[in-house]
Structures are given as structure tokens and as C-alpha cells.
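*Asks:* Residue numbers (our numbering), protein chains in the order written: chain A, 396 to 688; chain B, 19 to 473.
Because the hints were derived from the structure by calculation, they are not lab data. Misleading hints may appear alongside valid ones.
[Stated by the list, open to error] Just the calculated beta-carbon pair ranges, DEER-fashion: (1) PHE283/B x ILE451/A: 45 to 53 Å; (2) GLU584/A x LEU38/B: 24 to 32 Å; (3) ILE451/A x ARG449/B: 52 to 60 Å; (4) ALA474/A x ALA70/B: 34 to 42 Å; (5) ASN288/B x ARG649/A: 43 to 51 Å.
The structure displayed is predicted, hence computed values, not measured ones. The C-beta atom is built at its ideal place from N, Cα and C for all residues, glycine as well.
Residues per chain are reported as follows:
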Amino acid sequence: MTDLTAGPPSVDQIRADYAEMTRRKRVYGGILLIVFVALMAAGFRTADDRNAGSFIDGWHRILDYPAEVLSEAWEKIGAMPENLVKFFPALVETLNIAAASTLIGTIVGTFLALMSTRGMALWPALIPLFRRISDIFRAIPEIVIALVLIFILGGGPVPAMIAIAIHTAGALGKLFSEVNENASLKPVEGLQSVGANWSQRMYLGVIPQVGPNYVSYALLRFEINIRASAILGFVGAGGLGYELRNAMSWGQGRYDEAAAIFILLFVTIVVVDQISGYLRDRLAHGSEKGASA
Amino acid sequence: MSTFATNLTVDELKAEADRLFNRKRLVNFGLPTLVLAYLVYVFFAFDVPGLAARANWDNGKTLVSDSYSYKTHIERDNRSGEVTAAIEGERKGAYPAGQAPDWVTLGETTVIDLEDGHVVRFGPETVEYDIPGYGTVRATPTRAAGVQAELPIGDVPDWISESKNRLTVTTDAGRLTVTRNRSEVFRYFTGWELFWFTLDSPYYGKSFPELAGLAMNGEAGAILNDFWTNKMWRHQDVAWAIFETILMAFLGTLGAAMVALPLAFLATRNFNPMKSVRFATRRVFDFVRGVDALIWTVVLARAFGPGPLTGALAILVTDTGTFGKIFSEALENVDNKQIEGVQSTGANAPQRYRFGVIPQVTPVLLSQLLYFLESNTRSATVIGAITGGGIGLLLTQAIITQKDWEEVAYYIVLIILMVMLMDWFSGWLRRRLIQGETDNKRKKRASKEKRQPVG
């Protein structure tokens, strides 16, 4: 401000100011970088100290275990097709857990999202409550609910399904409500003026606008949930993860089965990623075309 | 589009509209039917009807009641006659010998007041339990003849279980178990006992103003130390575990970003003209992403043993694939004009990247990084449960004991708070660092809204 009243500054002064600013920026950047590197190094050392084996001792052994598994699987390559068939039902179970929990999570998440969007909520006073519910659902890691439910319900796919569905509902609830905020409220008002009730307003006025985005997010969640369902299997909730843990904990002699499970899981994840990526791409571009028409 | 053609007759238009309606009808009714059919299939595939039979509701009841209440055990060794009191029956929660809570009177005959008229007396020979509205239950444990119980006349109610060697009485006020070797009373209380201080601490049972007064008198260090080293709740270990979990997420996410950024250049069409290298890099990204954190965790745990380093590396490897994909997509979308502008001033290759490319992709990179930092805090909890590190390990350990449900509840609350905190923190940082981006978005949205009435 003072510069303005004092008339135009000289070129030298501008240059000096600019050099000063650049220098300051560089110093700040340098300090940030040093702090960042120090944090990373200190964090790494702490993690290394608290680990059972250190990085230095272990890094050359990373490939030992895969090599062991692969060599054993290679020796028994003849049994591979049989193993793949044997674990196919477990794969179906893993997929079912992921699909069912995504479906249930999408339904609950849609409800949560509608309930926590201004202009669409059935009870506007309860919007903060439904927001907090989806925050909490989102914050709970699946494994927490799964472990507690396994204690009550016993092992099997249902605890995993419930656990993943709860987390999915929370995560989708947030994403969906962001989508809802961009939706036009005019169709809703129009429907209200002709006497539509809440569910009719939502089904006919909101869902057609947000549908493609919802489906796209739900597909992305499905990809994530396949991985989650495999991990939960590892703690006793059925599916491929459970078989994998069994095959591994038997130690020697069952690595051919472990390799078969690796292959099934890997191929499934890659295939589902590709298909869902393709579908999401089409949905995104489809909706753009619809908007421009 | 064909409906807008002008050479269609009215009949053709009507047929078209009918087809459209039919299709809509099919979608509107067919889709929910399909979803319902699939859910019914899953219902039977997962054997939900059989699950109701297999489920152990008693476990559920114990879990829920134990998560917000605790019980104090008063136990008499029937051989030595010695009476001990311990919270949750654990040695860490035991009262010093000769001491007991104030509702227990120690002596020749130990009197335990369970309130509401329920009184248990551990006599030298006989255990008596006065139950209001029922009468007095007497039991005499002997080495030779087991437990001889005398009940009031009438049918034995179902809350008393009696056998030759054991008598168990469960009432709302508490629970009495008499066997040959020992007599035991449980009394239930609401709350998390010994959360602040254990019984051996001089600060146990003091109110907050008293503690504040003591802290002012220079005992703050001792008070904090007693709290920090609480043997029952292990606040120190829990704090370390949470730190470890966040550390795993931090190291994994940032490490992955550092590895993925240079590799992402190799996977882009505009920065890497060699098709074979591009293809190979992309397949590497797909591979590490597809193998999944679970398998990386298993493989790395074999090399490094359990611990936070293994978890951090598992996150690092998996996310390198994800980041590589996202970053390379962002890099393919950069504007070439800025790079050309930098080049026109005589910049060499590193300078072109530093000033022409990096500033363009930084917002995308940072927002993804922060988003993953939050989501990886959750992953780190899960991975910790498998590899044995951080709060995930404490949680699984507490669940495996099947009795420390108050600790499980505590850890769950901490995990939820931790994740919500990271969520809030990453959101705050994102808004601070990428202010320009959100402004642009808002402007774009505003202009779109302006455009809408026209189109």
C-alpha cells in the first residue's frame, strides 16, 4: 500500500523485492524439505527398531518366500488345474461377500446420503445426526466389526459381509451426499407440487440425476471390497483369505495350494479392476453426453 | 437422436415412445427384482438360517455387558481360609492382602454386602447367601463330600445350579460360586475400573479436585507417571501402538509417492516415447496393485518378521501401484504450453520438469496423497492385525483373550477417533495447501449454474 502512494517503484527495487521473495521461498522450501526428510528417516528408524527383524537383515530375503512357494508349485505344476478348481468355490464366496456387502452398503449409503443432504432430507433437523453416523461408519475399519462378530456369530462369510457393508455404507454415504449437493432440486420441487411423497420425490426426482455417479462410485467400492473380503478371510471370515491362511500355516507341502490361491486372487482383482474401470469410463462419458444434449 | 428426425410419421413416433416406456418399465421393475433375487441367493449361500442356530448369543451378552461394566471378585480359599479381593479377578487388579473394598467386612466370618438386602457370608465352615424374597442358601464345602447345599423348601429355581461338587447362584446383585476348593462372589459395577490408576497407586480413588491440588503441590510428575504406567490399561503401550499405526500409514503413503512419482513419468505417453518401457512400467503398476496388500504383507512378514516396518512396506508397495496409475494419468493431462514457455527461456530438462510440470500436477498429487494418508490409517490398523504391529495387534490380542471386552471397546473408540482425526487433519491440510484448486472448482460450478438456464 505504501508503494502505491510513493509512486511507481524503480526497476531495481522490484528486482530486489523479487530476489528477496525468491530467496525466502527457497529457504522455506529447503527447511520444509529438511524437516520432511528428517521425519521420514526418523520414522523409518523407529519402525525398523520396533520391528522383529530389521530392514538391513531382511531385504535380501524378500524374494526367498515367493521363490520357495513358486519352486514348490512348479514341482507340482500338474496339480495346479485341480487346485484352481478346488478353490473356485472359495473365490465365489469372496466375490459374493464383496458383491452382497457392496449392494447392501449402496442401499444404506443412498439412504444416509439422502438423509444428510439439505433439501432432500426427510427430517431436516436430523441432518447432522445422519452425517455423524456416516462419519462413524466410515471410520470403523472392517476388521474391528468382523472380529467382534466372529466371536458372536462364529467364523463364516456373514460377519465379513456385515463388517464390509457397514464401512461401505459410511464411505458411500459421504460420496453420495457430495453428488447430491450438485443435483438440481427443481425436479424435487416439481414433484412436491403435484403431491408426491418423499420416496416418490427421491426415486423420480433425485435418483435419475445422480444414478450414473452412484453406480460409478459403487463399482469403485466393489473393487476395494474384493480386497477387503480377502483380508477378512485371513482372520477367519471365510473365502479365499481363509483358505490362504490354512494353506500357509500348514507350512511345507501345501505351497502349491497357496500358489493356486495367489493366482485366483490376483486374476480376480485384475479382471474386476479392468471391467469396472471400463464401465466407469463409459458411465462418466455417457453422463457428459447426456448433460450436453 | 433419431426421434428428432423430421421424416417420422406419428405412428412411428408413438411406437418409439412405447418402446422407451417399455424399456423404462423393465428397468424400473427388473433391476430391483434382480437385486432382490441376488440377495436371496446370498442369504442361502451364506447359510443365514443356519447361522441363527450356530450363533452364540451368550457370548454376545457377555461382550456387551463386559464392555461397559466390570466385576470385583471376592474369593475364599477353602483350604487355607484366606479371603482375597481382586478387580476382574486379575492379579494386576488385586487388593493388597488384608484389604478389601468397603462393602466387604473381613474377619472370622467375612460379610459381603451386595446391596438391596443381598448378603453373602463366608463363615469358617459354611457359606450363606441371603436372597430377599427367596430365603437363605447354605452351602458347606468339604474335601470329602464335595459341596453340600441347603436350599429353602420348594422347587429349585433356574438361576441356581446345583451339583455334587458345585453350587452356582446368579442373581441381579451378583453371583456366588461354591466349589470344594473355593467360594467366590462376583459383584458387577458400571464403568471402566482402574482406568486412571491401579490399586497400588497412592492416587487411586482420589477425586479430580484432590488430584489437581496434589499436582499443584509438585506431584504432577508422579501422578502422570502412575497413569502412564497403569498396568491394567497400559496407556503407554496403547499410545505407542497408535503412534505405530499412524507411522505405518505415514511412511507407507509418502514412501509410495516418492517411489511412484519418477516411475509415473516412465508410464506416460507425453514424457516417455519408448512404447516398450511405457508398457512394462504400466504392467508393473498393475502387478503390485493386483497382488494386493494382504499378499504383500504375508510375503514381507516372512522377510522382516512382524512389526510396523513390515506394515509400512506393505502399504508402500501396494500404493506404489495405485499412485503410479493416478500420477501417470495426471501427468498425461498436463498442459504443454507451460513446458514450452519454460523451455523458451532456455531451461534444461530438469528445470523444465521442475518449473513446467511439477507445479501443474502438485494439486492432484497432494490431494491424492492426503486422501490416501487417511485411508491408509485404516489399512494400517488392518495390516497391523495380520502382521502384528500397532493398535490392530492390541485389538486382536484383546479379542483373543475373550474376556477383556472393556479393553476391546476402548481400542475401538480409540481407532475410530484416530481415523476421524486423520480424516479431519488431511481434509484441513488439503484445503490449506490447495486453496487455489477449490476456488477454481467453485468458480467453475458457479459458471455452470449460470449456463444452465440457457442450455
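*Asks:* None of the hints should be skipped; say for each whether it holds.
*Replies:* Hint by hint, here is what the structure shows:
The hinted range of 45 to 53 Å is not satisfied by PHE283/B and ILE451/A, whose Cβ atoms lie roughly 30 Å apart. Roughly 25 Å separates the CB atoms of GLU584/A and LEU38/B, a value that falls within the hinted 24 to 32 Å. Distance hint check for ILE451/A and ARG449/B: the Cβ-Cβ separation is about 40 Å, which falls outside the suggested range of 52 to 60 Å. Here the CB-CB span from ALA474/A to ALA70/B is close to 39 Å, well matched to the stated 34 to 42 Å.
In this structure the supplied range 43 to 51 Å holds for ASN288/B paired with ARG649/A, their Cβ-Cβ distance being about 48 Å.
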